[in-house]
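Top to bottom, those sequences are chains A and B. For the first sequence, position 85 matches number 85 in the working numbering, and the numbering has no gaps at all. For the second sequence, position 60 matches number 171 in the working numbering, and the numbering has no gaps at all.
Derived from the structure by calculation, the hints contain no laboratory data.
With a Cα cut of at most 27 Å, we get these calculated BS3-like pairs of lysine-lysine:
1. A:Lys57 / B:Lys211
2. B:Lys211 / B:Lys180
3. A:Lys57 / B:Lys160
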Amino acid sequence: KAGVTQTPRYLIKTRGQQVTLSCSPISGHRSVSWYQQTPGQGLQFLFEYFSETQRNKGNFPGRFSGRQFSNSRSEMNVSTLELGDSALYLCASVGLNTEAFFGQGTRLTVV
Amino acid sequence: AQSVTQLDSQVPVFEEAPVELRCNYSSSVSVYLFWYVQYPNQGLQLLLKYLSGSTLVESINGFEAEFNKSQTSFHLRKPSVHISDTAEYFCAVTSNRDDKIIFGKGTRLHILP
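Required output: the full structure, derived from the provided sequences and hints.
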């Protein structure tokens, strides 16, 4: 079966712009979570969606938002980009056995 | 709240030598424990997991980890490492309440020839 698909793989944006990242989970998986990975902070939890509802949210400013559609696909949006938002953004989908499968990530560079 | 501590940010080890990557966690509820591996320029892959049952869990490529509830640890071991094991390893926890994963800071494993 297909894995977790994240698009795009790479993005370059300028400060002040906004960006939308997409994640298609594995078919049948119940939840989608987003993580930000940076060299300094490691992997930090952004938010989790289950059945189109945000079930958990990490400690990120309101510029970071997300949503999940009825087909389980998820998007995250970052508005008013800052240089510090440069990171690898990872999406994970979780099946019934609690095992999380990660996508390849979207590498966002803010210049 | 849950947290994960990986005490070593980098571990150098000679090829074919044994290795142990340390992980300690704290949680007020029952947890599930995981080790993930990240190869350069790739996403995370699950290496092994502890959900319940036997406290010793093994992966298909020779890694094993032992859940120790009294010491709140889940250390990862391999008796003989290969150059292909060069990667960053992340210990992680979730609870049985949701799918939020809390990661440690990661341990970069350097295999020396």
